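As you go down the protein sequences, you meet chains L and V in turn. Counting in the working numbering, the first sequence runs from -8 upward without gaps. Counting in the working numbering, the second sequence runs from 459 upward without gaps.
Among the hints, erroneous ones may be present.
No farther apart than 30 angstroms at their CA atoms in a straight line, the calculated lysine-lysine pairs in the DSSO-like style are these [what the hints assert, rightly or not]: (1) L/K92 / V/K511; (2) L/K33 / V/K511; (3) L/K33 / V/K515; (4) V/K469 / L/K28; (5) V/K469 / L/K33.
No wet-lab data here; the hints were simulated from the structure. Because the structure is a prediction, the values reported are computed rather than measured.
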Amino acid sequence: GENVEQHPSTLSVQEGDSAVIKCTYSDSASNYFPWYKQELGKGPQLIIDIRSNVGEKKDQRIAVTLNKTAKHFSLHITETQPEDSAVYFCAASINKAAGNKLTFGGGTRVLVKP
Amino acid sequence: DAGITQSPRHKVTETGTPVTLRCHQTENHRYMYWYRQDPGHGLRLIHYSYGVKDTDKGEVSDGYSVSRSKTEDFLLTLESATSSQTSVYFCASSGLAGSTDTQYFGPGTRLTVL
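For reference, chain L alone in the conformation it holds in the complex (with noise of 0.2 angstroms):
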C-alpha cells in the first residue's frame, strides 16, 4: 500500500519567516494531494491540495509543489504569523469511485515565535 513520509517532524521558525514541509509518497498511482492543519483539541482542517496534473497550486501565503518523477510534494507558507502555529499533515490517495482512501503522514508540529 501507500506509504507517506514526512519531514521535518517539528519546525520553529520567526515571524515574518517561511516555512517548509516535505512529504515523500510511494505510489506512482497516487492522484491526489491535500494537506491538513491542526489546531491543538481539533479536528484536522484542509488547507490546500493539488492533482496530479498540477505542479503548483497558491492560495495567499500558501503554496504546494508536486514533483511527480520524484514522487514528492511540498508546503511553503510565506510571512509566516502566530496563528499558523499548528500540526501540519500532508496525505496521498488514489481518488476512485469507491471512495478516497487517504494515507497521512506523521505529521510536522510548527512553532511560529513572535
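Given chain L, put chain V in place with the hints provided.
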C-alpha cells in the same frame, strides 16, 4: 465547515467492554471515514463507507467494525476494547456533487481504555 459531529467527545472504559462511537453529518455526503490518531503515526484509516450499507476495511481495521444504516450516520464499534485502542478517533466525510476528494473532519473522540 461541513456539519460533522461526533459523540461522545470523551470516553473512559475498561478492557473487554464494548464501545460504540457515533459520527453524524448533515451534508448529505456519500462517503464517510473513521481514522485513529496516535503520536508519530498521523491519522490511519480504520474503515470507510461509500454508501448506505456499503463499507470496506482500511489500514488498521482489526478489532473494529462499522455500520451505516443511514446516509448521515456512521458508527464505529469496538466489540471488546483493548488498551491498544486508546486513541483519538476522527470521523470524516466527503462527496459533494462533482468532487469526492475533500474530506471534512469532525472534532474527534478521545477514548481511553483502562
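* Asked: If you check each hint against the structure, which ones fail?
  -> Failing hints: none at all.
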